[in-house]
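K.L.:
Build out the structure end to end from the sequences listed, making use of the hints.
2 protein chains.
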Amino acid sequence: MSLKAIVLLSGGLDSSVAAAIAKSRGYDIHALTIDYEQRHGREHRAAKDVAKALGAVEHKVLKIDLSQFGGSALTDARIEVPRSRSKKAIGHDIPATYVPARNTVFLSVALAWAEAIDAEAIFIGAHALDYSGYPDCRPEFLEAFQNVSALGTKRGVEGKPVKIEAPLVHMSKREIIERGRELGVPFELTWSCYLGGEKACGTCDSCILRLEAFKEAGREDPIEYERR
Amino acid sequence: MSLKAIVLLSGGLDSSVAAAIAKSRGYDIHALTIDYEQRHGREHRAAKDVAKALGAVEHKVLKIDLSQFGGSALTDARIEVPRSRSKKAIGHDIPATYVPARNTVFLSVALAWAEAIDAEAIFIGAHALDYSGYPDCRPEFLEAFQNVSALGTKRGVEGKPVKIEAPLVHMSKREIIERGRELGVPFELTWSCYLGGEKACGTCDSCILRLEAFKEAGREDPIEYERR
Numbered sequence: 122m123s124l125k126a127i128v129l130l131s132g133g134l135d136s137s138v139a140a141a142i143a144k145s146r147g148y149d150i151h152a153l154t155i156d157y158e159q160r161h162g163r164e165h166r167a168a169k170d171v172a173k174a175l176g177a178v179e180h181k182v183l184k185i186d187l188s189q190f191g192g193s194a195l196t197d198a199r200i201e202v203p204r205s206r207s208k209k210a211i212g213h214d215i216p217a218t219y220v221p222a223r224n225t226v227f228l229s230v231a232l233a234w235a236e237a238i239d240a241e242a243i244f245i246g247a248h249a250l251d252y253s254g255y256p257d258c259r260p261e262f263l264e265a266f267q268n269v270s271a272l273g274t275k276r277g278v279e280g281k282p283v284k285i286e287a288p289l290v291h292m293s294k295r296e297i298i299e300r301g302r303e304l305g306v307p308f309e310l311t312w313s314c315y316l317g318g319e320k321a322c323g324t325c326d327s328c329i330l331r332l333e334a335f336k337e338a339g340r341e342d343p344i345e346y347e348r349r
Numbered sequence: 122m123s124l125k126a127i128v129l130l131s132g133g134l135d136s137s138v139a140a141a142i143a144k145s146r147g148y149d150i151h152a153l154t155i156d157y158e159q160r161h162g163r164e165h166r167a168a169k170d171v172a173k174a175l176g177a178v179e180h181k182v183l184k185i186d187l188s189q190f191g192g193s194a195l196t197d198a199r200i201e202v203p204r205s206r207s208k209k210a211i212g213h214d215i216p217a218t219y220v221p222a223r224n225t226v227f228l229s230v231a232l233a234w235a236e237a238i239d240a241e242a243i244f245i246g247a248h249a250l251d252y253s254g255y256p257d258c259r260p261e262f263l264e265a266f267q268n269v270s271a272l273g274t275k276r277g278v279e280g281k282p283v284k285i286e287a288p289l290v291h292m293s294k295r296e297i298i299e300r301g302r303e304l305g306v307p308f309e310l311t312w313s314c315y316l317g318g319e320k321a322c323g324t325c326d327s328c329i330l331r332l333e334a335f336k337e338a339g340r341e342d343p344i345e346y347e348r349r
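These protein sequences, in sequence, are chains A and B. Numbering-wise, the first sequence is residues 122 to 349 according to this note's numbering. Numbering-wise, the second sequence is residues 122 to 349 according to this note's numbering.
Just so you know, the hints here were simulated from the structure itself, not pulled from any lab data. Since this is a predicted model, take the numbers as computed values, not measurements. Worth double-checking, as some hints may not be accurate.
Since the list gives no way to pick out one identical chain from another, each pair is judged satisfied if it fits inside one copy or across any two copies.
In the DSSO-like style, the derived pairs of lysine-lysine whose C-alpha atoms are separated by at most 27 Å in a straight line are [unchecked claim]: (1) K284 to K144; (2) K181 to K284; (3) K209 to K275; (4) K184 to K169; (5) K336 to K208; (6) K284 to K173; (7) K284 to K169; (8) K281 to K181; (9) K275 to K208; (10) K173 to K125; (11) K125 to K275; (12) K184 to K275; (13) K320 to K208; (14) K169 to K181; (15) K169 to K125; (16) K209 to K336; (17) K125 to K284; (18) K336 to K320.
P.N.:
Right, dumping it as structure tokens:
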């Protein structure tokens, strides 16, 4: 019997590489996309295409309307998405695009699904090296959540807690691209831009980090940009 | 300026008493009900009425369709809700009504809202003494989640993590009723039954524990039952 993993798949570069790593480790992929009423709903199409390309067993989209709570440029139209910042400025503090407790919410619903289908692991594309601005991408947060998985679930009580796997956590963005290339990740299907346009904007933090990473890896980013 | 608390309010006895305790400690109540497509949607009406009666500043209902995942008698119509069990049998193991990772999901979205409105605390009506069947009602789970709050949020990074308050955790069901009575909780508005009828069934685990607790407290349960 094959092992099952829930893969949190946004359709971005990182989660797509995390999915490919899960697959390379022999897991069947049960892809989970959270529709939290973010600006960049465009991502969902990418998630669907990537899940298919990587041979996911199934792909669910779960709606959780975090825009009801506000507090982030990604869910509240009144807060502007920062543009054209330097890489150094981006990593400096917690940005306006931080969505309160997002990875906690994502991991918790992934945990619910994992318990229901008896999956061994959850894969998340969090990484802390290039972009330390988000508290919920740090290894110490992921360890704390592992503890929640051990203590707050039936599988945990039975001594086989769902493992929280964050294979990118210590990788640079350049390394993520290289690993993705080795594993045949279809970069042309992925989507990272925080805005919801037909082409990626090229100026939000997410586009800037992505373009920089492809440049460092000496590769061409295959998606289209408004500006680059 | 008054302190804000997110109160996870299902409309049941426990969460209503937890809400009254939050109020007695001087917090403004921001009530949060999670509609997870459970059988007993009847609870939501109770939550709305209790929130109003306790003077909540606001009350939000957030939809998260956990029935997409299944795995529980409360969200999957194919799994039966156990009936007419003894109190001893009820506390013995993890029952079919366990919803995978439910309190983790509830606390995580409460944490998202708490961060967005700068609330100091989250109140949850979990208690472990009479009913140890649910792993995510135990003090060690709640402590693990406190750690997630400290490490995975902006408030945590700033040294003022959102506090997870579970004031009932060491109380018996009888003590919960007594505390609720002292605080003027409108028991007649609360709803505990796992089924969705117009009257409480009187035979599901939740009804049995509630009736037993009122009996032990020497009080009359003011709600109507099919059987008691």
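K.L.:
Under a CA distance limit of 27 Å, which applies to K320 and K208: within one copy, between copies, both, or neither?
P.N.:
Classified as within: same-chain Cα gap 21 Å, cross-chain 61 Å, threshold 27 Å.
K.L.:
If the cut is 27 Å between Cα atoms, do K284 and K169 qualify within a copy, between copies, both or neither?
P.N.:
within (24 Å within a copy, 37 Å between copies)
K.L.:
Classify it for me, K184 with K169: is the Cα-Cα distance of at most 27 Å met within a copy, between copies, both or neither?
P.N.:
Close inside one copy (15 Å) and across copies (22 Å); limit 27 Å.
K.L.:
Within a copy, between copies, both or neither: where do K125 and K284 come within 27 Å Cα-Cα?
P.N.:
within (11 Å within a copy, 34 Å between copies)
K.L.:
From the Cα coordinates, with 27 Å as the cut-off, is the pair K284 and K144 best called within, between, both, or neither?
P.N.:
within (15 Å within a copy, 38 Å between copies)
K.L.:
Evaluate K184 and K275 at a C-alpha cut-off of 27 Å and name the case that applies: within, between, both or neither.
P.N.:
For K184 and K275, the Cα distance is within 27 Å both inside one copy (25 Å) and across copies (24 Å).
K.L.:
Is it within, between, both or neither when you check K181 against K284 at 27 Å Cα-Cα?
P.N.:
within (20 Å within a copy, 32 Å between copies)
K.L.:
How would you label the pair K173, K125 (within, between, both, or neither) given a Cα cut-off of 27 Å?
P.N.:
Within one copy, since 16 Å is at most 27 Å while 44 Å is not.
K.L.:
Measure nothing new, just compare the shortest in-copy and cross-copy C-alpha distances for K281 and K181 to 27 Å and report within, between, both or neither.
P.N.:
Answer is within: at 24 Å inside a copy they meet the 27 Å cutoff, but 35 Å across does not.
K.L.:
One pair to classify: K336 and K208, alpha carbons no more than 27 Å apart. Within, between, both, or neither?
P.N.:
within (13 Å within a copy, 65 Å between copies)
K.L.:
Is the C-alpha distance from K209 to K336 at most 27 Å within one copy, between copies, in both cases, or in neither?
P.N.:
Within. Shortest intra-copy distance 16 Å satisfies the 27 Å Cα cut-off; inter-copy 65 Å does not.
K.L.:
Quick one: K336 to K320, C-alpha cut-off 27 Å, is that within a copy, between copies, both, or neither?
P.N.:
Classified as within: same-chain Cα gap 19 Å, cross-chain 66 Å, threshold 27 Å.
Checked against the numbered hints listed earlier, the structure breaks none of them; every hint is satisfied.
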